[in-house]
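Counting in our numbering, the final residue of the sequence shown is number 459, and the numbers go up one at a time with none missing.
Simulated from the structure, these hints should not be mistaken for laboratory data. Heads up, a few of these hints could be off.
[Unchecked claim] Straight-line Cα separation of at most 20 Å, DMTMM-like style, residue types lysine to aspartate or glutamate; simulated pairs:
| id | residue 1 | residue 2 |
| --- | --- | --- |
| 1 | K258 | E236 |
| 2 | K331 | D351 |
| 3 | K145 | D132 |
| 4 | K445 | E372 |
| 5 | K145 | D128 |
| 6 | K231 | E188 |
| 7 | K191 | D172 |
| 8 | K399 | E382 |
Predicted, not measured: the structure shown is a model, and the values here were computed from it.
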Amino acid sequence: MRDLARILRISQTRFGWAGTKDKRAITKQKISVWDITEDDLARVHLKDIEFKPIGRSNKKVSLGDLWGNRFKITIRNIDLPEQETLERVTSITHELEKGVPNFFGVQRFGENRPVTHVVGEAILRGDIKEASLTYIAKAYPEENEAIRKARQFVYETGDFKEGLKIYPLHLQFERAMMSHLIAYPDDHAGAFRALSPKLMSMFLHAYQSYIFNLILSRRIGSGMSINEAYGGDIVCFKNEMGLPDTSRLQKVTADNLDGINNLINRGRAFVTAPLVGYETQFAEGQAGEIEREVVRELNIDTEGFKVPAMPELASKGLRREIIVPFKPEFSVGEDEKNAGKTKVTLSFSLQKGSYATTVLREYMKN
94 MRDLARILRI
104 SQTRFGWAGT
114 KDKRAITKQK
124 ISVWDITEDD
134 LARVHLKDIE
144 FKPIGRSNKK
154 VSLGDLWGNR
164 FKITIRNIDL
174 PEQETLERVT
184 SITHELEKGV
194 PNFFGVQRFG
204 ENRPVTHVVG
214 EAILRGDIKE
224 ASLTYIAKAY
234 PEENEAIRKA
244 RQFVYETGDF
254 KEGLKIYPLH
264 LQFERAMMSH
274 LIAYPDDHAG
284 AFRALSPKLM
294 SMFLHAYQSY
304 IFNLILSRRI
314 GSGMSINEAY
324 GGDIVCFKNE
334 MGLPDTSRLQ
344 KVTADNLDGI
354 NNLINRGRAF
364 VTAPLVGYET
374 QFAEGQAGEI
384 EREVVRELNI
394 DTEGFKVPAM
404 PELASKGLRR
414 EIIVPFKPEF
424 SVGEDEKNAG
434 KTKVTLSFSL
444 QKGSYATTVL
454 REYMKN
């Protein structure tokens with residue numbers, strides 16, 4: 094959007110879009126732009142991007158407009174014969190059609206440098222200096238050697254002036270934080286405020302996501318179903334867009350258990366787990382024991398989510414559905430790009446906030 098605004102010589106505030114697309118994919122996305130013509134768009138040329146005007150509207154595209162995303166993904170270079178692959182994919186799909194665990198994907202935490210939730214944990218515990226130093230300079234093995242060495246130097250020395258000299262320009266966020274710390278030593282909260290509000294909020298959200306994944310894993314490991322409610326569970330209900338509405342919650346009791354499970358079977362209600370915050374509503378029963386057990390093992394004080402050093406990051410918490418409805422189409426055939434190998438093509442839709450990588454993991458591990 095930044096490049097498009099620059100070419101059209103207009104403000105980015107004139108654009109509207111409903112969500113962020115995957116970086117490494119061929120994607121389509123509807124956007125709105127206020128007060129430009131088709132001729133204006135015709136003079137835009139950006140590498141690997143095509144624009145197609147589809148009409149006019151009196152309403153801009155906004156984040157709340159998104160239902161979800163459609164995916165078409167091909168898994169290649171499979172060593173199994175086509176018939177065996179077909180049998181396995183059919184069996185896996187049959188199980189997943191009951192619902193996919195709604196884990197947050199690895200991109201929530203960082204793929205090559207899974208540091209986002211680590212920074213979030215330090216913020217939660219009030220160690221803002223450690224949080225900023227971790228984000229700026231904590232090195233990970235998957236990064237290239239030059240960047241890894243630059244980070245290690247800054248992490249060990251705290252020399253941000255030298256850091257600006259040796260950090261590549263594309264590490265713009267780390268460089269912005271170091272520039273602030275050079276001008277205002279020890280103002281680590283201010284260093285975070287050199288970032289955009291959206292990026293600042295990602296750290297605590299990532300740690301909440303990490304906790305959620307642990308709770309969901311623990312529930313599955315205990316033998317509890319993800320598409321069935323138990324006494325003490327907290328469920329949410331489907332809204333007019335067909336999406337889980339976590340602002341409408343109800344606790345499951347002996348009196349409403351059968352009715353709730355009937356709604357779950359019809360896709361009108363969903364079991365939830367917490368994205369923990371300072372006003373978290375925990376479940377009761379076995380589900381509640383799991384939620385509290387994970388929070389206790391992580392030594393979390395939920396009051397920390399008020400973030401006194403950066404109150405703009407405070408999070409009351411909410412709940413999130415633990416299952417993703419999944420109705421895929423698939424085909425199995427010869428992999429034309431890898432002789433003698435098999436490929437699988439999956440086509441499916443996921444509601445917003447759910448991750449295709451989570452679905453793929455269920456197939457790939459089998």
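Task: In rising order, the numbers of the hints this structure does not comply with - done: The structure conflicts with hints 4, 6, 7 and 8, although it agrees with all the remaining ones.
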